[in-house]
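A.B. asks: Residue numbers (numbering that gives the first Met the number 0), protein chains in the order written: chain A, 0 to 168; chain B, 0 to 776.
Errors might be hidden in some of the hints.
[Unchecked claim] Beyond 12 Å from chain B on every Cβ pair, some chain A residues (computed): (1) L29; (2) E89; (3) L93; (4) L137; (5) G143.
[Said to hold, decoys possible] For the chain B half of the interface with chain A, some residues (derived, Cβ under 10 Å), not all of them: (6) Q62; (7) E312; (8) V411; (9) A709.
Hints are computed from structural coordinates only; laboratory data are not their basis. These numbers come from a predicted model, not from an experiment. Just so it is clear, CB atoms sit at the ideal spot from N, CA and C, and this is done for glycine as well.
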Amino acid sequence: MALIVNGIEAPPPADPRVSLLDFLREHRGLTGTKVGCNQGACGACTVIVDGRRVLSCLTLAVQVDGLEVTTIEGLGTPGSLHPLQAAFVEHDGLQCGYCTPGQICSAVAMIEELRRGLPSNVTADLTAGTIAATREELRERMSGNLCRCGAHNGIIAAIEDAFGLENAA
Amino acid sequence: MSILDNAKSRAQGLAMAALTKAVALAPDKWIPGSTPDPLIRKQNGHVGKPLSRLDGPLKVAGQARFSAEVALPNMAYAAIVHADTPKGRIASLDTAAAEAVPGVVLVMTHRNAPRMNPMPVFMSAAKAAGPDALPILQDDRIHWSGQPVAVVVAETQEIADEAAGLIAATFKEEPAVTAFAAARAKGTQQGSFMAQPLRNEIGDAEKTLAAAHFRIDARYTTPRHNHNAIELHALTCEWQDDGVLRIHDTTQMVAQEAWTIGRVFGLSEDKVVVTSPFVGGGFGGKGLWQHQACAAAAAKLAKRPVRLMLSRESVYRIVGGRAPTDQRVALGATAEGKLTALIHTGLTAKSPASPMPEPFILPTRSAYAAETMLLDVKTVEIESLSNTFMRAPGEAVGTFALECAIDELAEVAGIDPIELRLRNEPEKDPVSGLPFSGRHLDAAYRMAAEKFGWDRRSPTPRAQREGEWWVGMGCATGTYPYYRMPGGAARITLTAEGAKIDIAAHEMGMGTATAATQVAADRLGLSPEAIAFNYGDSTLPGTVMAGGSQQTASIGASIVAAHRALVAELVKLAGNDSPIAGAKPDELSCRDAGLCRADDEAAYESYASILARANRPSVSAEASPPLPLEMMHWSMHSHAAMFAEVRVNAVTGEVRVSRFLGSFDCGRILNPKTAASQFRGGIIMGLGLALMEETQFDERKGRVMNASLAEYHLPVHLDVPDIEVIWTDIPDPHTPMGARGIGEIGITGTGAAVANAIYNAIGKRVRDLPITLDKLL
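So that you can see chain A by itself, here it is in the shape it has in the complex (with noise of 0.2 Å):
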């Protein structure tokens, strides 16, 4: 078996102690994942497994076997940005960088959960089927990828931006 990052097969590592979070970054040279606490209090290492979000520093590499993994670099390069990669730049959604891929990872699934209609924590109606992308449940839902630059409201603005939410608050 392998991993299948960014649609390329991954032989897995050796060392079965070795998160997913480092097989990308020392094994397979995708940097763009990153690490800011290596105990999931942060989701800088936030990538996409089988289309959900997943906490890279707290899944080995082995756990994802046969699975498709997409980072940020399979969302989109400089040349050809993501939607979302783009609208961050545009809405200023970042300042130093560095918790920007799991931000952007975390939001591209983050939609899918909305989508499907899965609650979440400020979901007033349980029983609704659809669920309104507030700008509180975008910020309930993105509370896990912490930014210390302080681009919260760009990052907000990017995600309604991108996936047309305009004016849903």
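Given chain A, work out where chain B should sit, using these hints.
C.D. replies: Frame of chain A, contents of chain B only:
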């Protein structure tokens, strides 16, 4: 501090005081900034535009390479083992089990570490950047809980981490002063900052206070804080065959680091090359600490490149933060609300080795016109990791105390808090007597009050309730000085295609490279696309710290100096056949990729034409700006009017900030998009300071207890409302580009605005940060 050091410091202080006096009294024309920067009047259309940050596409695509992402051939990975006792000696240090792990290259302790000199302490020399001068793995003495005692180097990070866990260290503990009360009992010392005592006295403030019509007298306390940049401290380093120590680091001070690390290893600064193209957040924390020396020593011992990325816990153990304060603010006022007495005194703790007391009276010095003043910072020593500067050192916590006290006085006097502040606006600097270079706080307040709907606020607490939430509004003044540190320099290399600017500056998210590109484009009459701003490398000109909100001023002044030298060169190259022949640099302007006479724009020649006629592919000039004497000739400060609306839950005491507005008077804003982010970022860190941030310190063992991002609470998305930022955009006539620094002011005043809003909501005054719900119930 030894008697000799004391005497030296006193002598420096006296010399500084004499110089300050002379510069204050000198004619304006002798001072840098006496003539307004021409860019304030006339631009080529780039300064002031909301240009998206130039490194944005790289960063959002994960292609910006940070220091732990530089891969060197045959690189090994390091992990650190820390002492867990505050003071004493190593009793035993058993590394055998670690060394036996397959893949371990070596274990370095004080027994086998290369000889390292202590780091020269910050401010002890022009490029000194050590947080303290404690020995680095040279003996068995322990100076703080968290001190590195061993470094494991291994083939992989997993192996290094495993082996680090197998090192068994025991310590012979010695009595240590780790509690604030015990430290106070040992006696206090006068705090000093920049070789000047943190003490000012005007008249008899205590006596005046006692006789005042209205008075308040209160104690405010603030805890330790940590910077908590999301990027961990990390470096990749190598001793090259040419004898150069090459360090890829994440730092706010490349030139200072090269010099200081050179001193540690007995190398001249040109034998240490530090690069740092991207810094994943700094806030004062990305300076020199022991880990850089440890990694370089490990690489020397292992004879191969080493990568050291600190664990999050190691960051809390090795990298100091903001020190705690215990402040008193007492205010006396007339029946009309004019301040007669302003007392701001108190204590801060520092480590015995740290040169840095938290200077919380700095914002008070220029804040209000009061008849009498007593400002004083005393220090006590706690045996702990050295504290350091963190975003707005002094102002962040000092404005909390001062601006809460003003709010308390406003209530006692029955005067609107904005009106009270404006009644006490000083005409000139109340302490130094210097004229202000630009102060428009009144305008900032008026703009903000209207926009925020201040007239809807009830002056009486507990007046507005929505469901189970009490709602309140508060405001406070923020302030931060203009700084420009000595040491700036820049090189401009001009070709027919454009210009390259070389300067040893830093980009840690402030938007420096973007704003500097806009400034250089305007200065040179080029498009931003024709400018290459080259920074983050110790081999480039200048000693430019990304600190004190001074980098943009330092870069700006350096580019002015280099530009002037470049224009002089161009005039020489242009010769007698040019429309600009014989002109002096001051008589020329830049436009459309060329030079013209300032009084006759038609007399113009393009750079390409000048270079072609001179048969030159390029022309280059490097220069340094004059010493920053403007700071001693004018009182130079930015200001902000901060407005918060909070909701306090009547059942749980939970506080939510529902609205926030920051109104800034910071001179000319160079890039509204990146500046707004800087302002918001500071405010958000201020919301953290107000409501949740605290480095919990075990007073029994001198140890940080919450050394993780799970336990040190930062504002997260749900804690951050829409934050509106506005500004006066009135240029400062005495600074480069008319701009003053904007990186730190956002955190100032914010804590008090929130505290004052909480009081307005529920009538409870909390004077101890952070204002957590247990203090409100």
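A.B. asks: Hint by hint, which ones does this structure get wrong, listed from lowest number up?
C.D. replies: Of the numbered hints, 1, 2, 3, 4, 5 and 8 do not hold.
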